[in-house]
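2 protein chains.
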Amino acid sequence: MSELNTQSPLSLKSLEAFRAIIQTGSATAAASALGVTQPAISRLLAAFEEHVGFALFYREKSRLFPTDEALALFKEVELTLQGAERISLLARNIFNSDLGWLKIVAPNSFIAGPLADVVADFLRQHPRVNISLDTHSPASAREMVAHRSADCGFIQLPENHPGLRVEPMLKSHTMCALSPAHPLATRSYIEVQDLQGENLILLGKGRYSRLQIDDIFRQAKVPMKVKLETHTVAIACTFAKRNLGVAIVNDMLARQYADSNLLLLPFKPTLIYEYGFITSAHAPMSRLSQAFFEHCQRAFSDMQAGYLATF
Amino acid sequence: MSELNTQSPLSLKSLEAFRAIIQTGSATAAASALGVTQPAISRLLAAFEEHVGFALFYREKSRLFPTDEALALFKEVELTLQGAERISLLARNIFNSDLGWLKIVAPNSFIAGPLADVVADFLRQHPRVNISLDTHSPASAREMVAHRSADCGFIQLPENHPGLRVEPMLKSHTMCALSPAHPLATRSYIEVQDLQGENLILLGKGRYSRLQIDDIFRQAKVPMKVKLETHTVAIACTFAKRNLGVAIVNDMLARQYADSNLLLLPFKPTLIYEYGFITSAHAPMSRLSQAFFEHCQRAFSDMQAGYLATF
DNA sequence: ATCAACCCATTACATTTTGTTATCAATATG
DNA sequence: CATATTGATAACAAAATGTAATGGGTTGAT
Chain A
1 MSELNTQSPL
11 SLKSLEAFRA
21 IIQTGSATAA
31 ASALGVTQPA
41 ISRLLAAFEE
51 HVGFALFYRE
61 KSRLFPTDEA
71 LALFKEVELT
81 LQGAERISLL
91 ARNIFNSDLG
101 WLKIVAPNSF
111 IAGPLADVVA
121 DFLRQHPRVN
131 ISLDTHSPAS
141 AREMVAHRSA
151 DCGFIQLPEN
161 HPGLRVEPML
171 KSHTMCALSP
181 AHPLATRSYI
191 EVQDLQGENL
201 ILLGKGRYSR
211 LQIDDIFRQA
221 KVPMKVKLET
231 HTVAIACTFA
241 KRNLGVAIVN
251 DMLARQYADS
261 NLLLLPFKPT
271 LIYEYGFITS
281 AHAPMSRLSQ
291 AFFEHCQRAF
301 SDMQAGYLAT
311 F
Chain B
1 MSELNTQSPL
11 SLKSLEAFRA
21 IIQTGSATAA
31 ASALGVTQPA
41 ISRLLAAFEE
51 HVGFALFYRE
61 KSRLFPTDEA
71 LALFKEVELT
81 LQGAERISLL
91 ARNIFNSDLG
101 WLKIVAPNSF
111 IAGPLADVVA
121 DFLRQHPRVN
131 ISLDTHSPAS
141 AREMVAHRSA
151 DCGFIQLPEN
161 HPGLRVEPML
171 KSHTMCALSP
181 AHPLATRSYI
191 EVQDLQGENL
201 ILLGKGRYSR
211 LQIDDIFRQA
221 KVPMKVKLET
231 HTVAIACTFA
241 KRNLGVAIVN
251 DMLARQYADS
261 NLLLLPFKPT
271 LIYEYGFITS
281 AHAPMSRLSQ
291 AFFEHCQRAF
301 SDMQAGYLAT
311 F
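Top line first, the protein sequences correspond to chains A and B. Per UniProt numbering: the first sequence ends with 311, consecutive numbering throughout. Per UniProt numbering: the second sequence ends with 311, consecutive numbering throughout.
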């Protein structure tokens with residue numbers, strides 16, 4: 001009698017042949033179902049029978065009839081083949097970046113502002129992707145992305161952390177936000193000198209963009225009268241709206257607050273805010289991060305084009 | 001970038017290599033774990049990467065680091081490989097006949113009598129085998145086994161149904177069962193002539209064995225005085241025990257009822273009951289039926305040896 | 001800096017698996 | 001009886017899978 005032979009290796013093709021024979025009822029039909037010739041099926045079946053160590057079909061009247069043992073194995077074989085098919089399916093989903101988890105860190109006002117629609121679009125295009133979107137201090141955002149606690153993030157440039165890969169993503173002008181009731185509201189733009197003696201609403205104390213503003217005033221020899229200092233664009237705009245002073249803000253972030261009670265006028269000299277897309281330099285971007293990155297590039301370059309056209 | 005390629009086939013070896021690399025952390029270690037050389041692993045990995053269409057590891061400092069995608073696939077790959085291992089395991093169990101369902105049909109008195117211990121032993125030796133054990137009329141038992149509604153059965157010989165494979169299994173003498181209070185109870189055996197005028201308890205009207213008994217009386221020109229006719233040995237013995245008459249029974253089946261109130265004495269002339277093991281002639285025996293058949297052969301030949309020694 | 005010890009990729013080649021076509025024997029069909 | 005169908009097998013082509021040998025890169029100890 002045949003011997004139990006754990007040596008002869010199992011192959012997916014044998015399993016596929018076996019399944020096809022059971023399902024179609026004959027080796028010939030199985031062959032055409034799998035798109036191969038009948039002798040190939042015969043041999044794959046023989047190989048599988050050798051692996052399991054006993055006959056799976058009895059040959060009678062030159063037909064194949066499954067034995068009880070074959071039927072007992074069939075269920076298990078089907079499960080395994082379905083597993084293999086799931087691998088391919090999952091791979092395809094991963095390839096299409098339409099499956100997975102994406103952890104993004106970005107400044108709060110960035111999330112509330114320009115990123116909101118971009119992320120919403122991305123989620124609509126990739127329905128089975130989940131996103132976690134959090135705000136952290138720039139310092140911890142940097143670290144999280146660098147050692148991959150987060151997949152990617154947005155951060156104000158310049159950025160030169162050695163563990164980060166930085167892609168410039170978005171530029172925005174600096175604007176003055178003020179109430180229509182403010183004396184300067186009639187201007188078409190506002191220069192530093194105009195702000196002499198005016199109440200100022202500033203944010204981001206200690207950040208690079210704030211230092212640049214301080215510098216501009218210093219160079220223009222205009223003393224700053226900082227009435228209110230805060231950390232979010234929303235709050236700065238809220239007070240500007242109440243005519244408490246002139247807020248100097250990032251255009252992109254402030255746009256959503258502009259309405260009949262809040263004007264945004266260009267600030268001169270030109271001062272550019274720039275945001276970058278960051279990922280860990282220690283590993284290549286995951287396919288999903290890559291897809292999100294490309295989506296952002298498209299979305300922001302469209303946004304940018306519309307934005308610059310208004311100038 | 002790489003393209004999604006559904007063509008390149010998936011192989012278990014690639015999956016094994018992939019799993020081993022993830023588990024061991026390096027291609028070299030995976031190679032020794034799988035007992036192949038490192039280049040083989042490198043190529044199997046490359047093949048799997050080609051199948052899924054994207055990189056599964058990033059190569060840095062001449063090491064392999066799994067990407068997020070690889071980790072996402074890993075779970076699914078493991079499940080599939082475990083499925084494949086379950087196939088081999090199940091095959092081994094089937095090979096050892098220690099897994100499965102066995103449907104047996106046999107006469108009621110046969111189940112209660114000689115078969116009981118044999119089946120119990122078989123179940124003890126194959127703990128994961130399940131047995132269904134039923135009684136049917138000889139006619140329907142034949143049919144059930146022939147077209148495989150039952151896997152195997154026991155039937156009184158001779159048997160020549162064309163759809164059955166018959167293996168003689170067990171022989172038994174014919175005995176007279178009678179009360180110790182019966183006048184014939186002092187004999188060491190009983191001849192047909194002794195039974196002239198005696199009340200008889202007979203069974204199996206119309207069956208082959210009954211025809212033989214009728215024939216013996218006819219040839220000996222002894223008229224039969226059938227007091228009671230029934231269909232089970234148990235009932236025949238019950239009445240013999242109450243001294244209602246002499247029962248003519250199959251020794252093997254009646255033994256269990258013999259006690260201080262029931263004697264079993266050989267009947268002369270010698271009349272042999274024979275039982276056979278039947279399976280369908282349309283299909284080979286399943287491995288489990290085969291195992292059970294061989295078990296029965298051993299068990300009954302042992303039983304037979306002990307039995308004949310008492311004569 | 002140099003050297004040995006690794007790691008992985010690649011090449012060149014052997015072996016095994018998997019495919020093909022061309023048969024054949026057995027069986028069903030008209 | 002001729003014919004078609006089924007599965008097994010042989011002979012051979014192609015592909016997958018294995019090997020040894022080698023090279024480039026990193027690491028760590030000297």
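There could be a bad hint or two in this list.
A pair holds if it fits inside one copy or across any two, identical chains being indistinguishable in the list.
Stated by the list, open to error - Here are the simulated DSS-like cross-link-like pairs (lysine-lysine), alpha carbons at most 27 Å apart as the crow flies:
#1 103 <-> 75
#2 13 <-> 241
#3 75 <-> 13
#4 268 <-> 227
#5 221 <-> 61
#6 221 <-> 75
#7 75 <-> 225
#8 61 <-> 205
#9 13 <-> 268
#10 268 <-> 103
#11 171 <-> 13
#12 225 <-> 13
#13 268 <-> 75
#14 75 <-> 227
#15 103 <-> 221
#16 103 <-> 13
To be clear, the hints were calculated from the coordinates, so they are not data collected in a lab. Treat the numbers as computed from the prediction; the structure is a model and nothing was measured.
These are the hints, each one checked on the structure:
no.: 1; hint: 103 <-> 75; result: between (40 Å within a copy, 20 Å between copies)
no.: 2; hint: 13 <-> 241; result: neither (71 Å within a copy, 67 Å between copies)
no.: 3; hint: 75 <-> 13; result: both (16 Å within a copy, 22 Å between copies)
no.: 4; hint: 268 <-> 227; result: within (20 Å within a copy, 129 Å between copies)
no.: 5; hint: 221 <-> 61; result: neither (105 Å within a copy, 53 Å between copies)
no.: 6; hint: 221 <-> 75; result: neither (84 Å within a copy, 64 Å between copies)
no.: 7; hint: 75 <-> 225; result: neither (79 Å within a copy, 60 Å between copies)
no.: 8; hint: 61 <-> 205; result: neither (91 Å within a copy, 41 Å between copies)
no.: 9; hint: 13 <-> 268; result: neither (71 Å within a copy, 66 Å between copies)
no.: 10; hint: 268 <-> 103; result: neither (37 Å within a copy, 94 Å between copies)
no.: 11; hint: 171 <-> 13; result: neither (55 Å within a copy, 50 Å between copies)
no.: 12; hint: 225 <-> 13; result: neither (79 Å within a copy, 72 Å between copies)
no.: 13; hint: 268 <-> 75; result: neither (75 Å within a copy, 57 Å between copies)
no.: 14; hint: 75 <-> 227; result: neither (76 Å within a copy, 57 Å between copies)
no.: 15; hint: 103 <-> 221; result: neither (44 Å within a copy, 102 Å between copies)
no.: 16; hint: 103 <-> 13; result: neither (39 Å within a copy, 34 Å between copies)
Hint compliance for this structure: hints 2, 5, 6, 7, 8, 9, 10, 11, 12, 13, 14, 15, 16 are not met, and every other hint is.
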